[in-house]
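J.: Here is what each chain is made of, one letter per residue.
2 protein chains.
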Amino acid sequence: MTVSDKSLANAIRALSMDAVQAANSGHPGMPMGMADVATVLFGDFLKFDPTQPKWADRDRFVLSAGHGSMLIYSLLHLTGYARPTMEDIASFRQLHSPCAGHPENFELAGVEATTGPLGSGLATAVGMAIAERHLNAQFGDDLVDHRTWVIAGDGCLMEGVNHEAIGLAGHLNLGRLIVLWDDNKITIDGAVDLSSSEDVLARYAATGWHVVSCDGHDVADVRRALAEAVADSRPSIVACATKIGYGAPNKAGTSGVHGSALGTDEVAAAREFLDWTAEPFVIPADIADAWKAIGAKGRDVRAAWEGRLASDEKTAEFTRRMAGDLPADFSLEAYIDTLIANPQKVATRKASELALGAINDLLPETLGGSADLTGSNNTKTKSTGPLTKDDYSGRYVYYGIREFGMACAMNGMALHGGVIPYGGTFLVFSDYMRGGIRLAALQQQRVIHVLTHDSIGLGEDGPTHQPIEHVMSMRMIPNLDVYRPADIVETAECWELALKDATGPSVLALTRQNLPQLRTEKSENLSARGGYRLRSAGAERKVVLIATGSEVEIAVDTAKMLEEQGIGADVVSMPSWAHFEAQPKSYKDDLLPHHVLRVSIEAGTTFGWERHTGIAGLRFGIDSFGASAPAEALYDHFGLTAAKIAPQIVAALNNN
Amino acid sequence: MTVSDKSLANAIRALSMDAVQAANSGHPGMPMGMADVATVLFGDFLKFDPTQPKWADRDRFVLSAGHGSMLIYSLLHLTGYARPTMEDIASFRQLHSPCAGHPENFELAGVEATTGPLGSGLATAVGMAIAERHLNAQFGDDLVDHRTWVIAGDGCLMEGVNHEAIGLAGHLNLGRLIVLWDDNKITIDGAVDLSSSEDVLARYAATGWHVVSCDGHDVADVRRALAEAVADSRPSIVACATKIGYGAPNKAGTSGVHGSALGTDEVAAAREFLDWTAEPFVIPADIADAWKAIGAKGRDVRAAWEGRLASDEKTAEFTRRMAGDLPADFSLEAYIDTLIANPQKVATRKASELALGAINDLLPETLGGSADLTGSNNTKTKSTGPLTKDDYSGRYVYYGIREFGMACAMNGMALHGGVIPYGGTFLVFSDYMRGGIRLAALQQQRVIHVLTHDSIGLGEDGPTHQPIEHVMSMRMIPNLDVYRPADIVETAECWELALKDATGPSVLALTRQNLPQLRTEKSENLSARGGYRLRSAGAERKVVLIATGSEVEIAVDTAKMLEEQGIGADVVSMPSWAHFEAQPKSYKDDLLPHHVLRVSIEAGTTFGWERHTGIAGLRFGIDSFGASAPAEALYDHFGLTAAKIAPQIVAALNNN
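Keeping their order, the protein sequence lines are chains A and B.
Under full-length UniProt numbering, read the first sequence as residues 1 to 656, first letter to last.
Under full-length UniProt numbering, read the second sequence as residues 1 to 656, first letter to last.
Pulled out of the complex, with its shape left as it was, chain A reads as follows (with noise of 0.2 Å):
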């Protein structure tokens, strides 16, 4: 081949600009900049088959820094994966293309995770590059022996999320992870030295990154940088010294060029200054062959992988666990059958444990942690020991205190594949790690949050730590299974669910305090439903109460309550709002029927109540901040006993 380094790149910058041009929108600069570093990565160091865009064994890329998203798409297209396609390219930014604005890991294979908020992307990577040696420490060099590599840019860098990503890779030594890290001194508002002056390698290598700097133009020294950082043992960060837009004239070097269409003027000027000839959303032949053969460098190892998976002894065990599928015989209903024999009363984190203890047995898949709240959120158990930097193999990991750390962390390793991470830490605190929660949701991975001390039933840490409006505002986060179980058993069928969608996360909101098994006669997985009745009216039924986990306690006992003065009530437990609205409408109707009252108790905001109670309902909740006291204290406090709830009901139905 004598197709030069420059002209492989300028492929790339080529596309880049034609596409944000066509759409005038995109982001022109960060591919323009970084094509050269991105040609020597897929050139020499990606291992990858574009034939088999997911073989297990390949090195992942995350282009952390997604609003670029045209080099991947270029990269993608140009070393021959079957899309996107020239026309996807040429539709980059409409409607139905998957050349979508950011990059989507649901629309093209190769792009590994979906990024563009800032840093999580890079956090993401983290996750992939732990899953990547845990499953080499569990199945060997043979079928585990990959890298993580992912573009950054100084927004990535910036974001907390990724200062909480780099101190556990560096803590875990994560060797086969290596950030190149698009230097171009601008960020949107100007230059980076309007917003920082921090010593960006000084600052990795404090958590214990090896770092390295190149001249980002200069492919030689890319290469040689980027082999100094594979022959280290660990993570490395590659300064890259790069000009955003390079190609463009003009408006290189200056913010301009990020996030906006060059312009015709300049798209002409550039293609001078390239010496680039060709029409947009054309290769010369000579480029388009001399990238298809950097396409076609990984199909031979991959063959070879191939061989060694078709001999090895674990090929089954691994196929399935790569395909995300659980044991065939998986089920919880023997451990079910336990609880139903001996009630007790734990709370809902308590239970989570001991329901972990038979998962934990059975799925050698799940991976847990908790950002430093392991004895509060109960996430340990005893076949999980600790994952650390001495040895992979481990089931547990010690995510410190980086709540979005974690999160991001819990979604690379869903989109590695081969594990199934959950991670808890307080439900209060999912405000911090919520857009890692949101990404997990978008990008239907199956991560577990285990999020306990749902309520002022926590006590005394008082409103700092008492959820009010969490719960209800993550059940509208698109594709998120949000679990509130009201006792043992419940929890334990959220868990059975949660582990059985591998098309999205989940969240358990579980109790700090104690709850009564409510639960005694073997069934059906209940919770599956969403709600159902846990409790039928003795009386005339007259109303319905509706409530969740640690409140349906209070509801049967205001049934009782309401059933001695000959008002029958119902119960209805409703473990997941997602679940109950999935049911059939005749379901719905017969549970929560719109002639009798219906009243919700929830220790939280009764926003959005309405849409189960109707308006003419009752809702007992919480609408302003919590206080600090006792749990017990709290709950009178804020009018939530069966006790204060009660007489309301009655006086409701006399005024009707």
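Quick caveat, the hints were computed from the structure, so don't treat them as lab data.
Given the structure is predicted, the values throughout are model-derived calculations rather than measurements.
Please note that a few of the clues may not be correct.
Repeated chains share a single entry, so a pair holds when one copy, or any two copies, can fit it.
Quick list of in silico lysine-lysine cross-link-like pairs, DSSO-like style, CA-CA up to 27 Å [as the list claims (entries may be wrong)]:
no.	residue 1	residue 2
1	K54	K243
2	K297	K389
3	K585	K644
4	K54	K314
5	K389	K185
6	K243	K382
Based on the hints, put chain B in the right spot on chain A.
T.: Chain B only, in chain A's frame:
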């Protein structure tokens, strides 16, 4: 005085362990470990006067490790603040005690910030230190010349928000900010090295901080280190090597002493170890007197300051600003008159910029900024030059790509007083700083978030950037005002409301896309009603269309289509749910009568709209993630056009 520093510190230890023991809940480890450091800080460095806790030029002290709340309660009591009394301390963590589980600024003068969510206290302190330098630049050394002190633990230092905050502080060279790090090598899960291998001081140094270490139990060494920190022109971190729970002979130095009462045996052992013979909640007279003498030290300094204030020509303005009062004649009426006179079609983000142009000229106390989206958020106006380390008088902060850090810094500015902070990012990234927004609401601080690109209307950037649940999910945060104005006039009205509410934060959700001016007649501030009738039905009213922001235009178009078919339709614009709900029932019933079909249109989740439409109403919105395409194509794709909505309303009317 012959009372030793150790005895002074032991008074803190005794109160802390006894209060936690009495509550059987709380965190004795930190107060006991940091008692010596705190004694030096309050005894020799902190500028304060317990008789005038709101003295404007006092040093600010933030207990970022808020779980150690007994430390600050002890200090406030011992130095002579009116509250907490010894009775308050004895009722630590009980209902209605000002000594809540975590320190709350709204409970006790002397508690400068509500802390507990880790890292956010330190990030808040950065904002206080910015406000101090800014006011110093505006009012001079005579009136503003104080320091901000922070006690932080490993948890604070690991959190992403802390990393963002120290990057900002280093960049702005906030030399009057001093962080005392409780370097006790312990987190909740165990030793710090379970989850972190970071060289903390090297990381601070990399961001431009001065670093110094000391033995946290050697008061002379602490004194030396604090003096060094004071002398250095950079922000300082002082690593104080301590033993967590110092004084508890059997449990000190372990995570077991972090978050639980010591138990009666260990309390007794600690009494012996510390040679502390007094009963619980009794301080020996000589020690109490010595502490009171420390508390009295600042009185002369404060009196001298008051003398300077009285003779300063800026007295009235300084006093007004520190009181948080707007100028008596502040009004946007004249500005709004100009809008009425010359209707314009502009994006509400642009409308916000225009409003800010007027506001920033009228209010010298506004202090703006953006998390690196200045040109997109439209937050900078001509009267706000940059605030830099070389010129703190500027009124615009380039926060960098640090949303959570920005939110917390703004909280700190508001808590400090004298400024009204506002800052911008994309609405979708409210997820990144939700913890900070919530703390503004809890702390009752006037912080204004300018959140642009508020729906699919942002277009091609796609689902990672398109808010769906964000507006609704913030409406349910207690004490947070969420505004979504429909045009340039409403935008100005909402800005006025946000500025005039000194008791809590506001969010302005603003569009990227242009919107026609719907309000063309002079009126009172209609947004103050939360919702109001923008258009009255021509034909007999059959429908009320309720919309917010960019969808009000669609509602108006829909109403016109319905009227063409003889169906009378009101249009209600509802920029603020909270203000609407505060209106009299008669007003609300008149606007949204139950006997007509109520229809909501909002380009976000429909979750929650049942409150205003009733169950029988129609709700148009988006209950999935967005997509990447031009805005117009997306509105059509998601069915949010008059042409798609009107027929569904007609069908619903025909079915009834």
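J.: Confirm or reject each hint.
T.: Tested hints:
1. Neither within a single protomer nor between protomers do K54 and K243 lie at most 27 Å apart by alpha-carbon distance, with minima of 33 Å and 51 Å respectively.
2. Taking identical chains as interchangeable, the C-alpha atoms of K297 and K389 are never at most 27 Å apart, the minima being 32 Å within one chain and 52 Å between chains.
3. In this assembly of identical chains, K585 and K644 lie within 27 Å of each other by CA distance solely across copies; the values are 25 Å between and 33 Å within a copy.
4. Taking the shortest Cα distances, K54 and K314 sit within 27 Å of each other inside one copy (19 Å), while across copies they are farther apart (69 Å).
5. When the C-alpha separation of K389 and K185 is checked against a cutoff of 27 Å, the pair qualifies only between copies, where the shortest distance is 19 Å, while the shortest distance within a copy is 33 Å.
6. In this homomeric assembly, K243 and K382 never come within 27 Å of each other (Cα to Cα): the closest approach is 52 Å inside a single copy and 30 Å across copies.
Of the numbered hints listed earlier, those contradicted by the structure are 1, 2, 6.
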